[in-house]
Amino acid sequence: MTTTTPPASNVVPTSDKAPEATGNGKRRGRPSRRRSTPLTIAMLAVLAYFLLPLVWLLIASTKSTQGLINSFGLWFDDAPQLLTNIRDTFTQDDGVFLHWLLNTLLYAGVSAVGAALLAAAAGYGFAKFRFRGNGAAFNLVLGAVMVPATALAIPTYLLFAKVGLVNTPWAIILPSLVSPFGLYLMRVYAQDAVPDSILEAARMDGAGEFRIFFLIVLRLLAPGLVTVLLFTLVATWNNYFLPLIMLNDSSLYPITLGLSSWAAQAQNGGAGASSDMLALVVTGSMISVIPLVVAFLMLQRYWQSGLATGGVKQ
Amino acid sequence: MSRLLARPRSAGPLFIAPFMVLFLLLFLAPLGYAAYLSLFQEKLVGGTSFVGLDNYLAAVKDPQLREGVVRVATFFVIQVPVMLLLALLFALALDSGLLRLAKVIRLGIFVPYAVPSVVATLMWGYLYGPDFGPFAQLSDKLSLPAPHFLTDSWMLGSLANIVTWEFVGYNMIILYAALRTIPTELYEAAALDGAGSWRIAWSIKIPALRPALTLTLLFSVIGSFQLFNEPSLLMKIVPDVIDSSYTANLYAYTLAFTSQQINYAAAVSFLLGLVIVVISYAFLLTANRRRPA
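Heads up: the sequence lines are chains P and C, in that order.
Start counting the first sequence at 1; every next residue gets the next number (this note's numbering).
Start counting the second sequence at 1001; every next residue gets the next number (this note's numbering).
Everything labelled a hint here was simulated from the structure, so no lab data went into it.
All values reported here derive from a predicted model rather than from experimental measurement.
Every residue gets a Cβ at the ideal spot worked out from N, C-alpha and C, and that includes glycine.
The reader is advised that the hints may include incorrect statements.
Examples of chain C residues lying across from chain P (beta carbon under 10 Å, computed) [said to hold, decoys possible]:
(1) Ser1010
(2) Leu1031
(3) Tyr1033
(4) Phe1050
(5) Ala1114
(6) Pro1130
(7) Phe1132
(8) Arg1199
(9) Leu1274
Construct all of the structure, not just a fragment, from the sequences and the given hints.
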């Protein structure tokens, strides 16, 4: 369906009907459709609901703990102090926040790259090679898509405790490397995106299988690869349950676990050193949200087309 | 390399091997080990002994586990249809071409997905707050009673709101991406036959969304039954509303890490995983059977 057909506007000269059918797939270019103001207003109201907590967070991160309690939540305080808050967040407890941020970056980065590459290689292997046990192995993995991560987490903890992996970075990274849904997505993607003729031609030219994979196939799989990468990144970045059960040492915490430990201090606070914690929790939350939002906005072209593949074919 | 070249098909298993090895070690091995542990019981006197399926029998009869499962099922029955219906409506609105600022709206609704559930829960927790939450402040200014978001009777709804806020955009994007792949010739033909926007949405778009809807529903089943982060974080704010067996998953966590009943916790996690897999498969089978060939 991606082959080009002449735009309908060339075929049908009058524009009295079918304004939706101006292009084939390139619907951004269809100019004739009238816009609906009521629908736009309704959707802007919807948008306001989704942005409300984030707007609150942004405003709240400019306030002191006192200001958070005393001033109206959805407007600025008299004395904005965003920079002070950011500095305090990074210096609290000897700069442990930066440590958490770097831990998160490490766990999420390694997991995402690893999971995407493993899924791409295996998805390509399943899609383009026939060998004994192919179908059985794939179905086994597909069945695992249904096993919820948290139901697996406690068993994984028990096993890791047995082999001494608990309370190490590996306890977070290793379980995040295996993405059954990523494999499924990459297999579907590889079937369409990697034409057999290119593989044949490369083999005729004498290229080895691994050379073909790294130089040709990975490039063809890029949108699917970015999708798996980004969604594993989010899953690991946002993971709370796994680090909660695996890690005791607060210097190994990712940001989610760190923030929740600060939030617990702020909750019990009011007394002594922890009385300012509320502002730090809010500012820390604000900082932790930024990287992923930026990543999603920058890479949207890739992950949206990757997701389309997963949702359309089953 | 030259051997591979001679028989290129033999390279297949090599591409699959790294994934499969990790899958065996990190997926099947933990499940197998948990299944093994679940067959034992640790007693104060006499140490660990094999008890067969006793832990499972105890789990089935456990009122706290049942309470958690029932609550999660209630949550699922209410929250998931609302969330998916909203996602579907938003996706159709975006795809209709009638919106101004469509791109801003699409990305804005999706953004919460990139927010960690810990942060989402902290934010909503503050927003819900009866003292300095903006809703409470507003109703105070208007001399109205403050909404009781964090009380027992509101809690499930408040949790549902957080989860809906987090995941509507994600589901919307999947549905929207699927809508974009429908060939526009179909709309053209339907419009020539005199079909309006609603008719096209109902007769062409929604049927074409079937696989995507199945996928989103499947993920929602899996997601709701593992509800943990949101209730466990709100528990710190209102410990008298959310107890340690509020959801099934929270209960499994409490068993393993607070009361240290490892064998029983293994049985409960295993049982929960099994229930979810069975429900998902049953659901997939019905969805596939109903699909017109």
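Run the structure past the numbered hints and jot down the numbers of the failing ones, going up. As far as the earlier hints go, 4, 6 and 8 are violated by this structure, in ascending order.
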